[in-house]
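Novice: Protein sequences appear in the order of chains A and B. Sequence positions in the first sequence follow numbering that gives the first Met the number 0 and run 0 to 179. Sequence positions in the second sequence follow numbering that gives the first Met the number 0 and run 0 to 179.
Check the hints yourself; a few may be wrong.
Copies of the same chain are indistinguishable here, so a pair counts whether it falls within one copy or spans any two.
[As the list claims (entries may be wrong)] Below are the BS3-like pairs computed for lysine-lysine, each with C-alpha atoms no more than 25 Å apart in a straight line:
(1) LYS60 with LYS153
(2) LYS54 with LYS122
(3) LYS176 with LYS48
(4) LYS88 with LYS60
(5) LYS176 with LYS153
(6) LYS176 with LYS85
(7) LYS74 with LYS2
(8) LYS74 with LYS88
Don't read these hints as lab results, they were simulated from the structure. Keep in mind the model is a prediction, meaning the values are calculated, not measured.
Protein chains: 2
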Amino acid sequence: MKKNIGSVLALYPMPLAVIGAMVNGKPNYVLVGHMGIMGHDHVMVSLAKPHYTNKGIIDNKVLSVNIVTEEWLAKADKMGCVSGNKTDKSETFSYTLGEKGAPLIDDALLTIECEVEDIYDTKGFDNFICTIAGTYADDSILTDAGKINYHILKPVLFEMPTYEYFKTGDVIGNCMKIGK
Amino acid sequence: MKKNIGSVLALYPMPLAVIGAMVNGKPNYVLVGHMGIMGHDHVMVSLAKPHYTNKGIIDNKVLSVNIVTEEWLAKADKMGCVSGNKTDKSETFSYTLGEKGAPLIDDALLTIECEVEDIYDTKGFDNFICTIAGTYADDSILTDAGKINYHILKPVLFEMPTYEYFKTGDVIGNCMKIGK
C-alpha cells in the first residue's frame, strides 16, 4: 500500500547532459537533468529562464546535448555550479562546431545537435522542443551495426529527490521479448 | 573525433513506465519509454496516437506513471506487446484508484498520478503535458527524511537504439558537489 507524498518530481533517474550553445559568439555550457523525448523525432530540454545559455539558444535556435559519462563528470557538474551570467565558461571544454553551429564538447562520446522548433513555457522555465539535426558518436561506442552500444557507453544518471548521481548498470534483457 | 550518424534518438537510458488510464470505465495500460520533465512541476508522456490508452487520457485528462522495477518487468513489457484495441488488459494488474481517478498499479513501488494540462502534437504522437497531482510511494523506498531513495528503488531503464533494458546502477556521488 503506497502513500501519497505530495506533488513530487519522481521520474528518475534521468540521463545527465551538458547543454552547449553559442552566446554572443562564444560557447557557453549549462548542466541539465530535465529533458525528454517526444515522439520519434523530437528532444525536449528544460532550462530555467535566468540561465545565460538560454539567450544564445533563443538567438541562434541551436543547441547541443552532450551526454555525460564518469570520465568528465566533475567538469560537467561544475557547469551547474557556475553561471555564465557571472563567469566566462567558454574555455572549459575543447569543442568542435556541429553542422548547424552548436559547440559539441570533445569530451562527450555522444552529442546530439538540435535545432529549436518551439519553446514551450512553464513557470520559470523555457522548454526547448527540438528536432535532431545530427547525432555525433565516437566509434568506440558503436556496435558493428552502427548503433549506440549501452554496454560500453554508460551515461551518468541524475535524480533530484536526494541530488545524487548513479551509474547506468548492466543489461537486463530485451524490450518486447521479456514479456512474450 | 566523433562522426555524425544522422538524426538518431540517443537520449538514453530513460526510466521505463507503464501508463495507466481508465478507458470506457475500465483500466488500461501501455508501456512507455519516452517521457520527460518540464520545469519543476510538469511531466511529459509521449504516446503514439493509435494507442487505445490515449482515448481514455483524452476523455478523463488523468493518467498514472507507474515506474517499472525488475520484479514486475515481464508484466510491464507485455503491456507493450499487446494492444488494448484488440485485447482487454483490465485484469492484468491489481490497482488502487488515485485521488484523481487514475488506476495506480499495486506492483509499482512508485506511481505518479498526473492531470493532463495540454496535449502537444508531434508527428503521429500525443505528448501529454501534465501537472503532478500526487506521488505515491511505498514506505520501503523512502529515506528517513521521506525522500525517494534510489539506493533501494532501482527503476528499469530503456534504450531504443538496440531495444534493451538496463539496471539503475550504484551511486557515484552528489550533484553540485563533485565539481566544486
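Novice: State for each hint whether it applies.
Specialist: Each hint, compared with the structure:
1. For a Cα distance limit of 25 Å, the shortest separation of LYS60 from LYS153 qualifies neither inside one copy, at 29 Å, nor across copies, at 36 Å.
2. Taking identical chains as interchangeable, the C-alpha atoms of LYS54 and LYS122 lie at most 25 Å apart only when both belong to the same chain, with a minimum of 17 Å there against 28 Å between chains.
3. Taking identical chains as interchangeable, the C-alpha atoms of LYS176 and LYS48 lie at most 25 Å apart only when they sit on different chains, with a minimum of 23 Å there against 42 Å within one chain.
4. When the C-alpha separation of LYS88 and LYS60 is checked against a cutoff of 25 Å, the pair qualifies only within one copy, where the shortest distance is 20 Å, while the shortest distance between copies is 43 Å.
5. Taking identical chains as interchangeable, the C-alpha atoms of LYS176 and LYS153 lie at most 25 Å apart whether they share a chain (23 Å) or sit on different chains (21 Å).
6. Only between protomers do LYS176 and LYS85 lie at most 25 Å apart by alpha-carbon distance; the minimum there is 19 Å, versus 51 Å within a single protomer.
7. In the homo-oligomer, the alpha carbons of LYS74 and LYS2 lie at most 25 Å apart only across protomers (23 Å), although the nearest pairing inside one protomer, at 38 Å, exceeds that limit.
8. Proximity of LYS74 to LYS88 under the C-alpha cut-off of 25 Å is restricted to the intra-copy arrangement: shortest distance 11 Å within a copy versus 47 Å between copies.
In summary, the structure is inconsistent with hint 1 from the numbered list given earlier, while agreeing with all the others.
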